[in-house]
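Listed below are the residues making up each chain.
4 protein chains.
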Amino acid sequence: MDKIKVSLLGATGMVGQKMIKLLADHPYIELVKLSASDSRIGKKYSETVKWIENGSIPEKFRDMKLVSTSPEDNKDVDYVLSALPPEAAEPVELKLVKNGINVISNASPYRLSKDIPLINPEINFEHLRILEGKDTKFVKNPNCTSAIMAMPLVKLLGFDYDRISLVSMQAISGAGFSGLPYMSIDDNIIPYIHGEEEKIPAEISKMYGTVQDGKINGKNIRMSVTSVRVPVKVGHMGVLNMEIKKGVDVEELIKNLNNFSPLKGFNGLYNAPAHPIVVHNEADRPQNAIDTYNGMEVHVGRISYTDRNLRMVILGNNLVRGAAGITILTLELMEQMKL
Amino acid sequence: MDKIKVSLLGATGMVGQKMIKLLADHPYIELVKLSASDSRIGKKYSETVKWIENGSIPEKFRDMKLVSTSPEDNKDVDYVLSALPPEAAEPVELKLVKNGINVISNASPYRLSKDIPLINPEINFEHLRILEGKDTKFVKNPNCTSAIMAMPLVKLLGFDYDRISLVSMQAISGAGFSGLPYMSIDDNIIPYIHGEEEKIPAEISKMYGTVQDGKINGKNIRMSVTSVRVPVKVGHMGVLNMEIKKGVDVEELIKNLNNFSPLKGFNGLYNAPAHPIVVHNEADRPQNAIDTYNGMEVHVGRISYTDRNLRMVILGNNLVRGAAGITILTLELMEQMKL
Amino acid sequence: MDKIKVSLLGATGMVGQKMIKLLADHPYIELVKLSASDSRIGKKYSETVKWIENGSIPEKFRDMKLVSTSPEDNKDVDYVLSALPPEAAEPVELKLVKNGINVISNASPYRLSKDIPLINPEINFEHLRILEGKDTKFVKNPNCTSAIMAMPLVKLLGFDYDRISLVSMQAISGAGFSGLPYMSIDDNIIPYIHGEEEKIPAEISKMYGTVQDGKINGKNIRMSVTSVRVPVKVGHMGVLNMEIKKGVDVEELIKNLNNFSPLKGFNGLYNAPAHPIVVHNEADRPQNAIDTYNGMEVHVGRISYTDRNLRMVILGNNLVRGAAGITILTLELMEQMKL
Amino acid sequence: MDKIKVSLLGATGMVGQKMIKLLADHPYIELVKLSASDSRIGKKYSETVKWIENGSIPEKFRDMKLVSTSPEDNKDVDYVLSALPPEAAEPVELKLVKNGINVISNASPYRLSKDIPLINPEINFEHLRILEGKDTKFVKNPNCTSAIMAMPLVKLLGFDYDRISLVSMQAISGAGFSGLPYMSIDDNIIPYIHGEEEKIPAEISKMYGTVQDGKINGKNIRMSVTSVRVPVKVGHMGVLNMEIKKGVDVEELIKNLNNFSPLKGFNGLYNAPAHPIVVHNEADRPQNAIDTYNGMEVHVGRISYTDRNLRMVILGNNLVRGAAGITILTLELMEQMKL
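Protein sequences appear in the order of chains U, C, W and B.
Here numbering that gives the first Met the number 0 is used: position 162 in the first sequence is 161, and no number is missing along the way.
Here numbering that gives the first Met the number 0 is used: position 28 in the second sequence is 27, and no number is missing along the way.
Here numbering that gives the first Met the number 0 is used: position 22 in the third sequence is 21, and no number is missing along the way.
Here numbering that gives the first Met the number 0 is used: position 92 in the fourth sequence is 91, and no number is missing along the way.
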């Protein structure tokens with residue numbers, strides 16, 4: 000089979016670097032073009048990137064020269080993957096799509112458009128079917144926190160609950176490499192992240208939405224979110240409390256979470272974890288320092304049901320499950336679904 | 000007036016050092032004895048303490064020789080203040096009290112005994128009156144997190160609420176100087192603190208309890224707590240969510256919190272802040288790095304009332320409001336109340 | 000006596016904030032104007048500063064409206080103190096001086112000009128005398144690392160040494176509040192600081208220079224410097240090794256360092272520490288976390304003389320001894336010296 | 000070929016975990032026994048270890064039951080690898096050797112014994128030949144800092160130098176998982192590490208020593224070391240200054256360092272890096288956060304020769320090049336050398 004050829008927008012950022020790492024040895028996706036902001040065009044990747052991923056830049060990308068984000072420079076690939084920051088993303092991605100180029104993007108603009116799928120693969124890969132028959136495919140991935148926190152909800156939203164209360168403690172890498180000065184966040188908690196508390200319920204609502212006439216209608220979810228920035232580098236952790244009237248069988252719930260594996264019928268999903276949700280029984284898990292290495296898994300712990308309150312702690316790697324990993328898994332799925 | 004003479008148990012620990020700092024220049028409390036574990040008896044304070052408070056050891060305590068925690072060594076003071084760790088505290092404090100020595104203690108044993116006041120001064124100084132007429136006075140201060148989180152509840156418990164959901168993000172100093180190895184908590188969140196989640200509701204219940212026949216009956220409070228350890232040194236922050244049926248006037252609530260000042264009728268409360276609760280309007284406050292310096296204040300921010308959910312962020316200095324400061328303020332109050 | 004009226008350039012930065020703190024209650028220097036970059040002019044200080052110093056903004060500056068850095072806006076003060084960043088400083092300070100306004104500045108431009116004193120007060124206050132009779136006074140303070148590391152050299156440069164080798168481990172605040180992203184320096188050492196390794200020997204040479212015909216000629220100092228950035232917030236630490244042919248009496252040296260107190264003949268030096276150099280005998284001192292609180296002292300430890308190598312560890316507060324504190328002490332000295 | 004069977008002493012510590020990781024898929028070394036302190040004997044590895052390496056415990060070791068460190072429990076393996084702490088190591092290792100069991104150890108006791116090779120493979124694998132013909136083989140690996148800093152000296156000790164001055168900035172993992180409380184070292188530098196400054200020159204001297212009559216005589220090396228603890232988790236960095244009378248050709252030196260590859264004649268050295276020394280040309284490298292991933296390489300940067308002073312920055316992974324990696328590479332070499 001011919002490899003799927005992709006170009007990568009925003010190749011020098013943290014998410015871009017993670018994509019390069021995940022694609023370096025991919026069996027059937029070939030990263031053939033790297034693009035970045037105008038000032039970098041024409042430069043070798045190794046000369047212009049500030050590489051921070053562990054290990055060296057994969058050999059084949061070291062000397063690749065950066066191209067622009069224009070349709071002209073990206074027209075001969077099968078897909079453009081976008082790791083652009085939001086302001087840059089909006090005009091660039093739209094222009095590509097209008098020029099008939101397929102785009103899968105991590106950036107926030109258009110995430111809530113009803114006719115653009117917002118894919119967190121295990122949750123709503125079926126939403127990709129609204130693209131069937133379309134000449135140009137435009138797909139979005141959710142915000143890092145939404146992608147992680149949405150996962151265990153798959154087994155919770157069926158309960159007759161009153162409200163979900165979520166406190167998300169988010170890693171600094173979520174703000175980008177230069178997002179937070181050391182002096183502002185070391186030994187500190189900043190109890191506010193601009194825009195975050197609105198995005199999370201809205202995006203989760205859409206992920207769990209239903210398709211009607213090619214459009215996605217969000218599910219009604221009652222959720223209060225408080226997002227704070229904590230001094231850790233990688234891993235967004237959430238504490239979820241959920242008022243549930245009827246009794247919850249915790250053992251059953253744990254089994255259901257551990258067994259959740261909706262993609263197992265597919266072959267060739269190189270980035271799909273065998274168990275997308277991993278439940279920990281140890282009281283002091285999950286922890287960022289231990290459980291964010293296998294990036295696509297979402298880790299859950301401290302599950303209890305007391306006095307009608309279901310509580311759990313949720314943790315995921317914001318750069319992998321929250322960004323680069325789901326973009327690539329989305330493309331793998333599109334290939335396997337023959338979209 | 001003669002100064003109140005006190006001895007300090009656990010003088011070399013973090014809370015002990017903070018007490019020494021707060022008492023160094025106290026106008027009417029004189030710290031005359033320092034005691035610590037057996038291995039330190041007879042040594043000069045400056046030779047055996049690992050001093051970590053900013054600035055040097057106050058001159059008058061440098062050469063003070065440590066005594067034991069026995070009644071014999073502490074009988075000629077007016078009060079013994081205890082900053083002992085819980086295991087050490089239980090037998091020592093009880094023995095002192097049985098020998099007729101007054102004790103005000105930070106340690107957890109007996110905090111929930113109905114005939115021992117658990118004092119967070121602004122909240123329940125009236126509970127001290129159950130000591131009236133007693134020959135020996137034994138008073139407890141609450142756990143650091145309970146002391147801080149209880150404060151704004153003074154204006155919240157009157158609402159017709161369904162449940163309080165609290166996520167407490169607690170500083171490393173709360174576990175003691177050597178409580179957590181760097182390798183275990185740097186760049187990490189540990190979503191569990193042994194014993195903490197039970198203590199907080201129980202102690203807050205008692206603080207807001209009512210006195211009957213010399214005993215304190217806890218108030219019925221419906222509260223779910225999740226406590227996590229975060230990599231900050233000082234300052235426990237809580238995110239509180241509270242389901243409230245009837246509308247809440249946020250402006251009114253802010254005013255009530257800022258104006259809360261129940262001790263203003265007293266003179267000579269050297270450690271009582273003019274405003275025990277400080278409400279911040281900036282979206283990104285309170286922050287550990289900025290707001291834990293004036294230690295006795297409890298800082299509140301991000302107050303909102305949306306879809307019947309009242310949310311706020313609460314922050315306090317766990318070593319001052321959560322420990323050393325309230326011990327001393329309790330003694331100041333006992334003096335002013337002529338107990 | 001009338002107070003000395005000063006304005007402060009760069010009032011919102013870290014050094015500016017430290018100056019405000021040090022001047023808030025100064026007995027004879029009155030800070031009457033705050034200035035900052037154009038976008039802030041006309042705003043109240045409390046509305047435009049991101050205050051990070053412990054405690055609140057001193058009351059009297061909260062509502063002070065920022066003025067520009069122009070001569071017009073700063074002409075009616077006795078001195079302008081400058082905490083501007085280097086690029087901004089060069090044209091602004093020169094313009095003020097050309098308009099007859101006295102300037103004492105922390106910024107790097109002109110630090111090496113032979114007719115402008117570069118003052119580290121205890122080391123070379125006598126250099127201020129070259130200003131005698133001048134209508135307008137323009138004084139520079141050294142770079143933060145130079146100011147700290149220069150101090151113990153006062154007792155070392157007299158030895159018959161071959162070379163001074165200095166490794167400086169510098170705190171993040173030295174790069175300014177936003178100088179380093181958390182992701183770049185947390186859990187990391189960056190073994191390079193642009194421009195630093197040249198500045199330190201050059202500035203120390205000038206501080207120890209001699210005056211001839213109103214000009215300062217640098218002392219010949221043989222010094223190799225390696226500067227690295229380490230993940231601490233405050234405090235620059237240096238490890239100094241010095242090849243000395245003739246025997247060094249370490250006890251004598253320690254005594255000389257501890258007794259160094261060249262300003263004791265002056266009165267009214269509010270920011271002059273009694274002991275500008277403090278020698279620690281404990282093997283594990285000085286430490287940033289313990290010894291940078293009393294900001295003007297330079298702390299020295301681990302002094303040894305082995306196999307003709309003199310070694311010591313040097314530590315100082317880069318924002319106080321390295322910046323704000325010496326600016327103010329310089330002004331105090333100029334007043335006492337009637338310059 | 001039959002696999003070499005090894006047991007591992009100290010299997011639950013940080014170095015032990017790293018060894019398990021490196022041996023999990025080794026082509027010809029089979030880890031068949033894990034041992035630890037008495038309290039853990041008989042327990043499953045996964046139940047008693049606090050696993051902190053990235054990723055999960057390799058499957059085959061999860062249920063392995065821990066045995067004691069006694070000769071009886073370790074007699075049927077080809078080699079015992081020891082990652083014990085020093086106090087525990089001394090009696091245990093000696094007893095094993097006396098009972099005819101081969102031991103390769105990371106622990107400090109006996110490192111300086113003249114008849115026990117102290118192996119940093121690329122530097123002095125030839126020292127292993129003194130074991131030829133011995134019934135029982137007892138080999139030591141150097142201290143983590145010695146192992147790293149010794150590497151570039153292979154191309155420096157030939158110069159006519161006057162003195163090597165080394166400042167080592169050492170990571171917290173070097174003190175073991177629980178070696179340093181967070182409160183003691185976060186945001187701090189501790190300018191002292193017990194015993195370290197003596198070990199480094201002594202061990203490097205022995206590594207570069209010559210063999211005579213089956214004994215190793217240390218090379219005369221003039222070296223002054225200052226070791227400080229810095230708040231980073233992994234990676235010991237050194238700044239080396241070396242007074243060299245005759246001119247040094249820096250370009251030539253860089254080439255020599257990069258080309259150093261003394262083990263290339265061997266096959267089957269699974270843990271030998273192609274380039275044991277990697278020279279960086281970028282001014283801001285090497286960095287802990289970027290360059291400690293490929294654990295066996297020693298990274299060198301900032302090489303300059305100015306005014307007769309050769310300066311370089313040296314960095315290595317203290318758990319791999321400094322411990323677990325060289326133990327395994329030593330065993331690989333012994334196998335290939337047919338010792």
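Source of the hints: derived by calculation from the structure; they are not laboratory data.
Hints are not guaranteed to be accurate.
Note that identical chains are pooled: a pair holds if it fits in a single copy or bridges any two copies.
[To be verified] BS3-like cross-link-like pairs, simulated, lysine-lysine; straight-line CA separation at most 27 Å:
#, residue 1, residue 2
1, LYS244, LYS218
2, LYS337, LYS94
3, LYS136, LYS94
4, LYS232, LYS49
Evaluation of the provided hints:
no., hint, in the structure
1, LYS244 with LYS218, "both (20 Å within a copy, 24 Å between copies)"
2, LYS337 with LYS94, "within (25 Å within a copy, 66 Å between copies)"
3, LYS136 with LYS94, "within (13 Å within a copy, 60 Å between copies)"
4, LYS232 with LYS49, "both (17 Å within a copy, 22 Å between copies)"
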